[in-house]
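Colleague: Here are the chains, one letter per residue:
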Amino acid sequence: MEKFIRLDGLVVPLDRANVDTDAIIPKQFLKSIRRSGFGPNLFDEWRYLDVGEPGRDDSLRPLNPDFVLNQPRYRGAQILLARQNFGCGSSREHAPWALLDFGLRTVIAESFADIFFNNCFKNGILPVVLPAAEIDALFALVEATPGCHLVVDLEQQVVLRPDGRSLPFAVDPFRRECLLNGWDDIGLTLRHAELIKAFEARRREQQPWLFA
Amino acid sequence: MPQTLYEKLWQDHVVHQEADGTALIYIDRHLVHEVTSPQAFEGLKLAGRKPWRISSIVATADHNTPTDHWDRGIEDPVSRLQVETLDANIRAFGALAYFPFKDPRQGIVHVVGPESGATLPGMTVVCGDSHTSTHGAFACMAHGIGTSEVEHVLATQCLLQKKSKTMLLQVDGVLGRGVTAKDVALAIIGRIGTAGGTGYAIEFGGSAVRSLSMEGRMTLCNMAIEAGARLGLIAVDEVTIDYLRGRPFAPQGARWEQAVVHWRRLRSDDGARFDRVIEMPAAAIGPQVTWGTSPEMVVPVDARVPDPASEPDPVKREGMERALRYMGLSPDLPICDIALDKVFIGSCTNSRIEDLRAAAAVVRGRTVASNIRLALVVPGSGLVKRQAEEEGLDEIFRAAGFEWREPGCSMCLAMNADRLEAGERCASTSNRNFEGRQGAGGRTHLVSPEMAAAAAIAGHFCDIREWL
Chain A
1 MEKFIRLDGL VVPLDRANVD TDAIIPKQFL KSIRRSGFGP NLFDEWRYLD
51 VGEPGRDDSL RPLNPDFVLN QPRYRGAQIL LARQNFGCGS SREHAPWALL
101 DFGLRTVIAE SFADIFFNNC FKNGILPVVL PAAEIDALFA LVEATPGCHL
151 VVDLEQQVVL RPDGRSLPFA VDPFRRECLL NGWDDIGLTL RHAELIKAFE
201 ARRREQQPWL FA
Chain B
1 MPQTLYEKLW QDHVVHQEAD GTALIYIDRH LVHEVTSPQA FEGLKLAGRK
51 PWRISSIVAT ADHNTPTDHW DRGIEDPVSR LQVETLDANI RAFGALAYFP
101 FKDPRQGIVH VVGPESGATL PGMTVVCGDS HTSTHGAFAC MAHGIGTSEV
151 EHVLATQCLL QKKSKTMLLQ VDGVLGRGVT AKDVALAIIG RIGTAGGTGY
201 AIEFGGSAVR SLSMEGRMTL CNMAIEAGAR LGLIAVDEVT IDYLRGRPFA
251 PQGARWEQAV VHWRRLRSDD GARFDRVIEM PAAAIGPQVT WGTSPEMVVP
301 VDARVPDPAS EPDPVKREGM ERALRYMGLS PDLPICDIAL DKVFIGSCTN
351 SRIEDLRAAA AVVRGRTVAS NIRLALVVPG SGLVKRQAEE EGLDEIFRAA
401 GFEWREPGCS MCLAMNADRL EAGERCASTS NRNFEGRQGA GGRTHLVSPE
451 MAAAAAIAGH FCDIREWL
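Chains as they are written, first to last, in this note's numbering: chain A, 1 to 212; chain B, 1 to 468.
Here chain A stands alone, though its shape is the one from the complex:
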């Protein structure tokens, strides 16, 4: 997993609540057995005027000019600004894979759905929760400021606005440590292999029916 320490990136605003993972990456692209290549189909139904299918050359498809990701001023964005309950619905990790493949390394929102939030950390994406009033202010700022950049600093746990204001955010110490170091969870867990074995042996003895 790629480390996440500090990101200075262009912000793209997606001004709607309850963006679900079906919208982030529609089901037909879930048939892939790979982890990469989902970027062209991120927000597929909103981004294109036709219906996408796996295996098609997406560069030939008609773009929806009204969709924010297609507007030239947001090209190259690395930070997605969103509303409440971002990433609700399906557990598909293809959603963070698609965001990452598109080039987005962080999502700033008022709130996230649990499974999506968790999946982000497994892929080097930092989901940042800020209070509703700050989110409102950021939407206004991004709208009013062409080329608006924010700095997301995981080490300091702050989002820095261009006017110098810094917005603190919370993150679990353990998750922060993993992201800062790009650690692989499995490797970390296997350091406790002996504890797992002992737990399992005890469990097998106490509740043998679980091990049929």
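These are computed hints drawn from the structure, not numbers from a lab. These numbers come from a predicted model, not from an experiment. Note that CB positions come from ideal geometry on N, CA and C, so glycine has one too. You may find that some hints are simply not true.
Result set (DSBU-like, lysine-lysine): computed pairs, CA atoms no more than 30 angstroms apart in a straight line [as the list claims (entries may be wrong)]:
1) B:K8 - A:K3
2) B:K8 - A:K197
3) B:K163 - A:K3
4) B:K163 - A:K197
5) A:K197 - B:K50
6) A:K197 - B:K316
So the derived list for chain A, only partly shown, Cβ under 7 angstroms to chain B, looks like this [what the hints assert, rightly or not]:
7) V51
8) S90
9) H192
Put chain B on the given structure of chain A with help from the hints.
Modeller: Positioned in the frame of chain A, the structure of chain B alone reads:
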């Protein structure tokens, strides 16, 4: 100190705890399907790792599988490759049980787990699928995970977790005629919102919940995720134990007796404290119909489509306006005036035998309305299908003009050929009415099996209470 059911389950599975509260949680049952597992098995292979305990794995193919013309196999080559990849991975790595495409026991993973007895009270159950919350009906700590976590469970038999807050949803009283577990779930989501349960494990309690069958309880816990809660929970009682007795993977003989003693403790202690308690009087719940593109956009069937103009919150108002545009509906339209194009009875929410019986009882001796282009019944598993056929339910559906299909996820998420075309409107017993969920441009209204069946006959929504 009195404990909640969730706290008991949590405590029973902690292998190790970090200073910040992140815990290593042991996983008893790992359900696997073809969509969210290929990258996990590949990761395992690349790292030269093996599954920690293959006897924890129960796998089936469900999302991509066609529901008709099984003799032709899986015609979509991309879907076929994904299903064959699961076949190959299970062959290579092993499993307690695998129900591949066309196996008589194949079906939706959340139907197959409980009916095979692979889901047992007190277990941690995970699957790369958000509707894993279904298994909480058996007092399991059960939730969906992403593919990285699928790989993590394969490699370590554990997950890194933070303890959730606890919520008690108390539904007391008697449900009215024609009011089902699905209506309870939708009414709850309508009240607390799709983010209302975020960060919580929701325990459903109260006399109305106790009165539900296991099928109904599974429907309720299935929809916990649509309220934002990864976990839904219901305490063990005689209904749970009766359901499990004699299931293939349930314990037998002395071990059964031993297990039952243990299972009876799987309830919240009297006086246990929850972080949040919500009471929903059962009598106040009517049959529900969603009108928008989020499960929280729901009203009783005798209501009207709401008017965004009366919503004070601008983000919500904008969301309502967008939803109405997408759904092709105008404010104040009576729900019963909404005409339909398709009807789907199926999905991990409502495809069990009780659901099919309830829908068949409505359909019996009637005919699907002429404006309905397709009325589909997709049983949750091969075993549900067989039982329904033994009871003659297939004949009732066919005689009315429904198509009777092979098991799978089908038009709940339209990864196979069953889908809505753009603009088509569907009464669906599934769980998500998101934009494009059942097909790009498709318009989904979530309802109970009885309500879907009645809508198929009438051609538009109608109040099932007037039919009973």
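Colleague: State for each hint whether it applies.
Modeller: Now for the hints, and whether the structure bears them out:
{"no.": "1", "hint": "B:K8 - A:K3", "verdict": "violated, 36 angstroms"}
{"no.": "2", "hint": "B:K8 - A:K197", "verdict": "holds, 21 angstroms"}
{"no.": "3", "hint": "B:K163 - A:K3", "verdict": "holds, 26 angstroms"}
{"no.": "4", "hint": "B:K163 - A:K197", "verdict": "holds, 22 angstroms"}
{"no.": "5", "hint": "A:K197 - B:K50", "verdict": "holds, 15 angstroms"}
{"no.": "6", "hint": "A:K197 - B:K316", "verdict": "violated, 50 angstroms"}
{"no.": "7", "hint": "V51", "verdict": "holds, 4 angstroms"}
{"no.": "8", "hint": "S90", "verdict": "holds, 5 angstroms"}
{"no.": "9", "hint": "H192", "verdict": "holds, 5 angstroms"}
Hint compliance for this structure: hints 1 and 6 are not met, and every other hint is.
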